[in-house]
Every structure is written in C-alpha cells, then in structure tokens.
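Numbers 1 to 294, taken from the UniProt record's numbering, label the letters of the sequence shown in order.
What the hints contain is simulated information worked out from the structure, not anything from laboratory work.
All residues carry an ideal CB built from backbone N, CA and C; glycine is no exception.
You may find that some hints are simply not true.
[Stated by the list, open to error] Distance ranges between label pairs, derived from CB positions:
#1 S275 <-> G172: 47 to 53 Å
#2 D139 <-> R51: 34 to 40 Å
#3 E116 <-> P216: 49 to 55 Å
#4 S227 <-> T30: 55 to 61 Å
#5 D67 <-> L235: 17 to 23 Å
#6 V197 <-> R63: 34 to 40 Å
#7 S275 <-> E116: 39 to 45 Å
#8 D205 <-> D124: 27 to 33 Å
#9 S141 <-> V55: 38 to 44 Å
#10 P174 <-> S213: 18 to 24 Å
#11 D124 <-> E201: 53 to 59 Å
#12 S29 <-> S275: 48 to 54 Å
#13 Y5 <-> I61: 17 to 23 Å
#14 P208 <-> D290: 30 to 36 Å
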Amino acid sequence: MLERYEVETFLTLADELHFGRTAERLTVSTGRVSHIVKKLERRIGAPLFARTSRVVRLTPIGRQLADELAPLVAGMDEAVRRATDAARGVTGTLRVAFLGEWTAPVLLRAVALFGERHPDCRVDVHEAQLSTTRSGLLDGSTDVLIASYPFDGMATGPALLSEDRVLAVAAGHPLTRERSVSLEVLADHPVVQYPTVTSVEFKRDRTPERTPSGRPVPRGPAGNTFSEMLSLVALGRGVLPVGEHTRRYYPRPDVAYVPILDAPPIERGPVWLPSNTTTRVREFVRAATDANPR
Numbered sequence: 001m002l003e004r005y006e007v008e009t010f011l012t013l014a015d016e017l018h019f020g021r022t023a024e025r026l027t028v029s030t031g032r033v034s035h036i037v038k039k040l041e042r043r044i045g046a047p048l049f050a051r052t053s054r055v056v057r058l059t060p061i062g063r064q065l066a067d068e069l070a071p072l073v074a075g076m077d078e079a080v081r082r083a084t085d086a087a088r089g090v091t092g093t094l095r096v097a098f099l100g101e102w103t104a105p106v107l108l109r110a111v112a113l114f115g116e117r118h119p120d121c122r123v124d125v126h127e128a129q130l131s132t133t134r135s136g137l138l139d140g141s142t143d144v145l146i147a148s149y150p151f152d153g154m155a156t157g158p159a160l161l162s163e164d165r166v167l168a169v170a171a172g173h174p175l176t177r178e179r180s181v182s183l184e185v186l187a188d189h190p191v192v193q194y195p196t197v198t199s200v201e202f203k204r205d206r207t208p209e210r211t212p213s214g215r216p217v218p219r220g221p222a223g224n225t226f227s228e229m230l231s232l233v234a235l236g237r238g239v240l241p242v243g244e245h246t247r248r249y250y251p252r253p254d255v256a257y258v259p260i261l262d263a264p265p266i267e268r269g270p271v272w273l274p275s276n277t278t279t280r281v282r283e284f285v286r287a288a289t290d291a292n293p294r
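Based on the provided sequences and hints, a complete structural model is requested.
The following block contains the structure:
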C-alpha cells in the first residue's frame, strides 16, 4: 500500500514536472521530494519520471500510474468531504439567484421546500444579470443559479423548465405576417447578439453563426441586458430567437413573436460551479427537482 504522502508527492510532481515547485506546494525540501520518488520507483520496479538537468517528464509507466491514481484520490477526498458535511448537517448560508423573471417561481418553490427540509440553513435570494452570472458563480457570491442551458464549464442539474422558441421581431417587420418560420430565416436578417461575457456554447445555441443548412447568419448589434436586446429588436436593428415565455414576461407593443418550427426547446434549471458541489448545493438541487416536477 502507498502512503498518502507518497501519493500526494507523486501526483504533485506529475502535475508540476518540477522538483522545486513541487517542494514549494508541499512545503517540504526538494531532497524530500526526490527521496520519496526514488522510494516509489524502487517499490514499483521502474522509473516513473525521466529527468535531466533541465527537464522532468513522466515515463509511460508514470503516466499510467498518475492517470489511475488521480481519480481514486479525488474520490477519497470527495467521500471524506461528504462525510464531514453529513456530520455537520446542512447549515450556514446558501446564496441562490435566478436569471429571467420566468425562472423566479421555480426558484421560490425550491427555496420553500429546501427551507422545510433544512431549517438551519439560511437562503439568500437575488436576481442575476446577464453580465454577472458567470462571475457570480466563480467568485462565490452565488452558489446556485437558475438559468438557461447550456452553460459552459458549470455543473447543471435536471432541467426544471422547457419552452418552445420564438423569433422576436419589430412590430412592423414583414415576418409578422408569417404564422411560423424556420431557423433558415436567420440567414436573411441580422441577429441581435448577447453580451460578450455570455458563454460560448450558450451564444452558439441562441444566436448561431450558421443556419442548419450552413448559411451564414449576419451578426447584429449586442445588448448588455435582455431588455436592451429587445429594444434593439424593436428599433429594427435585428431579430432575436427567444423562449416563448418572453411573450408573457416581456410584453411590448413594439415587439412581435413568431413561432420557430424547427428549433429544439430551451431548457432551464440549476447551475453551479463544480468545485462548489457542497451538501448544501446538492440538497438544494434535490429540493428544486422535487418542488418542480415536469
């Protein structure tokens, strides 16, 4: 059996590929790192690292060992963390947010059920803006966000809402005479864009660069908020694919909505930072799912 300090030293050196930086991370001497690695190599019977005066790299056997050990260690750490969380109970403060007014009722039902199940955990609720959704999750000011999928680089829970897509156009636009349109129509009109901070996959889903047949989609101006984007539509600066709930929550006499026949539905649900998957977050996602059956 390998000792934990041996595994930690090996995996740290496999990550850094530098004895000095490894020693700094582990707050030990470089000699200690070298001694542990040599001991491991003697036990295994083969070199784990190829090193010269300038370069340290993993041997094929070292790479295999690192690839197999890393998920085992992560699983052990996660098991210990879950046990610690369970011993402490669900307490403290959970910061949740919603993006778009149509997600607020879903969030409030989740908060109510979570509060019944975990009365010792305080839940702070706030509305997020398009420009701060990702930064809020990254800096910890938001633990769970109810928002649209996809959301690059984040963990997502079961979808809680699903809605058809419609095309937002200016009230006097020729497309208002159509009962429905295809995604191919996006090639014929500028499409209003989301803010630059919006995730890449989300923008690719909502405002694609090409139609299903491969025709390029002209880019219109970008808005900083959803209301600003609808205002650009109303001004005739472009069209914008949105969810059908926009009709109800953003009613405007200067914007019309035309159904899109061949677009997949938009789904919304909980989003959180993978490294912030605490017991509080898991229990809130479970409560959100139970409180909002589809």
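Here's how the hints hold up against the structure:
1. S275 <-> G172: 47 to 53 Å: Distance hint for S275, G172 holds at roughly 49 Å.
2. D139 <-> R51: 34 to 40 Å: Distance hint for D139, R51 holds at roughly 39 Å.
3. E116 <-> P216: 49 to 55 Å: holds, 52 Å
4. S227 <-> T30: 55 to 61 Å: Since S227 and T30 have Cβ atoms about 58 Å apart, the given range 55 to 61 Å holds.
5. D67 <-> L235: 17 to 23 Å: violated, 54 Å
6. V197 <-> R63: 34 to 40 Å: Given about 37 Å between the Cβ atoms, the range holds.
7. S275 <-> E116: 39 to 45 Å: violated, 28 Å
8. D205 <-> D124: 27 to 33 Å: For D124 against D205, whose Cβ atoms are near 30 Å apart, the range 27 to 33 Å holds.
9. S141 <-> V55: 38 to 44 Å: holds, 42 Å
10. P174 <-> S213: 18 to 24 Å: holds, 21 Å
11. D124 <-> E201: 53 to 59 Å: Given range 53 to 59 Å: violated, Cβ gap about 28 Å.
12. S29 <-> S275: 48 to 54 Å: Distance hint for S29, S275 is violated at roughly 30 Å.
13. Y5 <-> I61: 17 to 23 Å: Roughly 21 Å apart at Cβ, these two residues keep to the hinted range, so it holds.
14. P208 <-> D290: 30 to 36 Å: For D290 against P208, whose Cβ atoms are near 34 Å apart, the range 30 to 36 Å holds.
In this structure, the earlier hints numbered 5, 7, 11 and 12 are contradicted, and the remaining ones agree with it.
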